[in-house]
Structures are given as C-alpha cells and as structure tokens.
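Could you put together the complete structure from these sequences and hints?
What follows is the residue order along each chain.
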Amino acid sequence: MRRRLLAAVLLLTAPLAAGRAQNIQVTGIQGVSFGSMLPGVSTIVSRTDALRAARFDIKGAGNSRIVELRFTLPAALSGPGGATLPLSYTAGDGGFSAEQSVASQIGFDPRTAYTATLSGPGRGSVFLGCRATPAANQAAGNYSATLTLTVAYLQ
Amino acid sequence: MHLRPLTVLVCLAAGPAGAAAQSSGSATMTGTVLSAITISGSDLGFGNVLPTGSKRVAAPMGGRFVITMAASAPVTITYALPATLGPGVGLGAWELLSNVLNDPASAQAIPVSSGNGSFGATTTTGTLYLWVGATVTTTSAGVGSYSRPITLTVTYN
Amino acid sequence: MLRTLVLAAALSPGGLPAQGVLIAPTAVFIDARSRTASLMIVNPNEQVAEVEISTLFGYPVTDSAGQLILRTVDAPDSTAPSAAAWVRPFPRRMTLAPHAQQTVRLLVSPPPSLPDGEYWSRLVITARGGQVPLTQAADSGQVRVGLSVEVRTILPLLYRKGRQQGALRLTRLTAEPDGDSVVVRAHLERTGTAAALGTARGELVDSGGTVRASFTAPVSAYYAIDPRFTVPRDSLPAGGYRLRFEVTPGRADLAPEVIVPFQAVRDSVSLQLP
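Residue numbers (this note's numbering), protein chains in the order written: chain A, 1 to 155; chain B, 156 to 312; chain C, 313 to 586.
No lab work stands behind these hints: they were computed from the structure.
There's no promise every hint is true.
[As the list claims (entries may be wrong)] Footprint (simulated), chain C over chain B, 3 or more residues, beta carbon under 8 Å:
1. 259 to 268
2. 271 to 277
[To be verified] Negatives, chain A to chain C, calculated, CB over 10 Å:
3. SER36
4. PRO39
5. ILE66
6. TYR89
7. VAL102
8. SER104
9. ILE106
10. ASP109
11. TYR114
12. SER119
13. ARG123
[Claimed, not checked] Per the computed footprint, the stretches of chain A lying under chain B, defined by three or more beta-carbons under 8 Å from a beta-carbon of chain B, are:
14. 42 to 56
15. 73 to 86
16. 132 to 144
We treat Cβ as the ideally placed atom computed from N, Cα and C, and that holds for glycine.
As structure tokens, this is what we get:
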C-alpha cells in the first residue's frame, strides 16, 4: 500500500516538474525605435544599437536548451490617416546573445527561423535592427507597428 | 473489473509531460515622420546668342523648381527674376508655369508682370513643379559669359 | 565675322544639376522651459550645398486680393512680439556634402524680464550650390563665371512663455459668384495671446440643404488676415445658395500638441448664382 502511494506521488509530481521545466517566458523589452524621420530619407537602426534596436529577453529552463526563434516581422509602420511606412530587413538584422548583451551577439536572418542555445541558466536575448523608408511625400506624424517573437523548445 | 487506483493515476499524470513549450512576446516599433519641405532648382540655359539678336527658351524647356511638402501646406512662393545680365544683355517676357504634376503641358500659367512677384500655392499631391522661361535680347553685347542667380523663396505660413 | 556671345547657362552655369535642401520640421515651436529646438537639414542632391541660416521678424498678412504674403519688419520696436534677435542657430553656416545631414540647434535667449506671451521669428534657410571655378578660355581670352541657383525657405518659429489663450474673431464674410467659381472672403482677427493656427472650411449648400461644393484650407492669423477662398461652381444651376463657413483650431500639417486651441468660429451668407 505504501509502495502504491509512493508510486502515485512520484507519477503525479514528475510531469508537474517537467511542465515547469518546459515553461518559457518571452518578454518584449523594447521595439525598434526609429525616432524622428525625414520624408524621402531612409533610417537604419542597427541590431547593435542599445537605445534603438528591438530587444526580447528569454527565460527558459536550464541546461542550455535549444530553442527556435521566429519573428513575425511587420512589413510597414502604420500612421496618421491610414498612411503606411515601409520596413525592410536584411540577413544580418537579427541577433542572439546567450549572455543577454547587445555587445555580444550572433547575427542571423530574422526573416527565417533561427536555432539558438540558451545559456546554462536558460537565458538569452534577441535583438533586431531594421530599415524604414519614408516616401518623399510621407505624411507627417507618429507611426507604429507590433513586432512579435515566438520562441519554442526544440529539445 | 474496476481499475486499480495506481493505474488511473498513471493515466492522468502522463498527459502533460509530452507537450513542447512555446511562448511569444511582443514589442512596439515606433517612429515619427517630421513635416518637411524640399526645394530644388535647376538652371535655365540659353546657350550661344548673337551679339545683337534675341533668343527665347520657353518655360517647359527652361529652368525647373520642385517643391515637396505636406499636402495642402500653406506656402507663398516669391520669385526674383533678373532684368539684365550685363550691358546690352536684357531678359524679359518671363514665363512661369505651375503644376502639381510633372507635366508642363497641363500647367497653369502664373502672371508675371515684372521680375519680382509672389503667389500662394498649395498642392494636394505634396509636390509642386514650377517651370521658368524667358527671352534674352542682346544689343551690341560684348563677347563673354553672362549669368545671374534666380532666387526662389518659399515661405511657409 | 559674326561674334557669338556665350551665355553661361544663363541663370546658372550650363550643366549644373539641381540644387536645394530638405528641411524639417516646417514650423518650430519652442517653449520657455526648454528654450531649444532643432532643425534637420539634408542635402538630397549630388552636389555640395552651402547653407546659411538667419532670422528675421515677420508674419503673414493678406494683400488686397486676399493672397497671403509675409510682412517683414527690419527693426521691430519694443512693442512688436519679435523673437528674431534672441534666436541663435548653431551652426549658422554649413557646407553639406551630397546626401549629408546636419542638425542645427536653435537656442533662444530672451530678455530676463520678458512678459508671458507668444513671440515670433522667421528662420531663413538659404541654399546655394558650390561656386563654379573661374577658368580662362585658352583660345579667346574669355573668362567664364558661373553662379548657382539660390533657393530660400522661410519657416515660422514661435516662442511661448507662460500659458497662452487662443481666440479668433470672424467678421465680414462674403460669397460672390465670379466666373466659374464662388469667391469667399472673410476677416479673421486674432484676439487671444497666440497666433490662431486653424483650418477654414466652406460649404455651398443649395435650397434643399444639399452640400453642392466645398473647400478646406489652412489659415494662420497672427494679427488679422482677409483671406480669399474659391469654391468651384462647375455646373451648379442658377438659384439661391447658402455659404457656410467655419474656422476650427488645428491644421493637418501641424502636430495637435503645438496648437493653442481657440473656440471655432462660424458664419454663413446667402448668395444667388446667375
């Protein structure tokens, strides 16, 4: 009877511990901030720009888990009166840092999924740069868009 | 036959352990486009002219100014067109055309009574094109090069 | 023997491409708490541009035809709300390489005892192309001199100290047919402490209450203006109409936060289209 009870407890607790180990938290720290832009003049934000680049922090399970990073990249910012401002991305605009340091990143193409290894404690940060290209007659005003990062364990 | 409690517990506990975790986070990208005005101008060339004679360059073939600004922005355009380029070299019969499209053929003629003047302008497209032409008349002018600046002033009200 | 006169591409040397600048923003608002602002100047062309910034005191008025013109005052007296003498741009002169940008800092240093209110200046940004070097034509001894096209942009700068009160008065509204248009005139007078920056709207309404034509235009009443608006008549039939006119605070080209609000003004007049 005691053995059955112990087995039941072990079986109940094991998957709960595995559920906690599977949890992964992705926090958007900041999006790309283009600041003031001029009509007809492109603005480029580098992924290494600590003030303006986008940053997401990842908190997952320990033991250097491997994760897949996938951005949902907006094609344009939306502004006054329905105006849109085109955005573009290049192969080196994504960056991953297991040390969570903007100065220490491995670049990747944010337009496709990227496989990364979290740190021992399960941490990592993802950075993003971008180019905004206002038209010569771009409407003045504030523009914005939502950037999403999805992180999934691969193992 | 009824299931023993241990078997039931195993079945209930096994389910969640097989799911892979995935999570998403979002952040907002932002930027502010400033209101701006761009003005550029290109030259009006007459080429070679006889010491006594006249030559006309019509506005569609002449100098061109392009103003890019917020649609319907209130601006006043002031022009200063020289009357002479030097002794025996006069300029006149100024022609000024304005259009929101890059098409002098459908442009509106702006009355030019003297070398200086102004007119109000707005554009629904955000761009305004101006073309300028004139006639140069020479009277025993000396051989040499002659030039003066055209000044276009755009006042944002 | 005929002598030919070589005219350098007369109003600037032959072959010099376009010359100009991009300037942002198009209106500068500075408050007494910060006393600074910045201007961005970009050379969008392939040639070097020489840019110079100066200030003057001026404000828009209307001429007899209702057209906006800039009234400038070279030596404003102490009663004029001029900020021109206090505004200093840094740098004042610059040479911009092709596609280069320059941020110009504007610093306002008003007199210490300045009363609350709104004070005006105009920024004059002059852009010229690089000078064509003097050359000596070897065969005839002619000297060729080239001058570049000069473009000037004049932008408003408004300095505000203390809380401002906006107010506008509308009088003398008229609407008369004129050829293929209806010409609308109005007298707009600022009665508050800040320039009235707003949008005028007019609607031509027929006897059945249907709007048959309309117009929208920005207005800037620093003191008083008598602007002229036109409504296309197109194929409107003869008969009685009513012109409804209003001016509301705010303009599409200015951010809402820089507008000192005033109570909208409205009026209407009747007219007969022949």
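Hint-by-hint comparison with the structure:
1. With a cut-off of 8 Å between beta carbons, the region 259 to 268 of chain B has 0 residues touching chain C; three or more are needed, and the interface restraint is violated.
2. Residues of the region 271 to 277 of chain B with a Cβ under 8 Å from some Cβ of chain C number 4, which satisfies the need for three, so the listed coverage holds.
3. Interface exclusion of A:SER36 from chain C breaks down, the closest Cβ pair being 7 Å apart, not more than 10 Å.
4. The Cβ of A:PRO39 sits about 8 Å from the closest Cβ of chain C, inside the 10 Å cut-off, so the non-interface label is violated.
5. Non-interface call for A:ILE66 relative to chain C: holds, since the shortest CB-CB distance, roughly 43 Å, exceeds 10 Å.
6. With a closest Cβ-Cβ approach of about 23 Å to chain C, A:TYR89 is found to remain outside the 10 Å limit, as its non-interface label requires.
7. Against chain C, the non-interface label of A:VAL102 holds: every CB pair exceeds 10 Å, the least being about 25 Å.
8. Annotated as non-interface, A:SER104 keeps its C-beta farther than 10 Å from every C-beta of chain C; the closest such distance is 30 Å.
9. With a minimum CB-CB distance of about 32 Å to chain C, A:ILE106 clears the 10 Å threshold, and the non-interface call stands.
10. For A:ASP109, the condition that its CB be more than 10 Å from all CB atoms of chain C holds, with the nearest at approximately 28 Å.
11. Every C-beta of chain C lies more than 10 Å from that of A:TYR114, the closest at about 34 Å, which supports listing it as non-interface.
12. Distance check on A:SER119: its Cβ is at least 40 Å (rounded) from any Cβ of chain C, clearing the 10 Å threshold; non-interface status holds.
13. Under the 10 Å C-beta cut-off, the non-interface status given to A:ARG123 relative to chain C holds; the minimum distance is some 38 Å.
14. Chain B is given as covering the region 42 to 56 of chain A, and this holds because 4 residues of the stretch bring a CB closer than 8 Å to a CB of that chain, at least three being needed.
15. With 4 residues having a Cβ less than 8 Å from any Cβ of chain B, the region 73 to 86 of chain A passes the three-residue criterion, so the hint holds.
16. Taking a C-beta to C-beta cut-off of 8 Å, the region 132 to 144 of chain A contributes 11 residues in contact with chain B, enough for the three needed, and the coverage statement holds.
Consistency with the previously given hints fails for numbers 1, 3, 4, ordered from lowest to highest.
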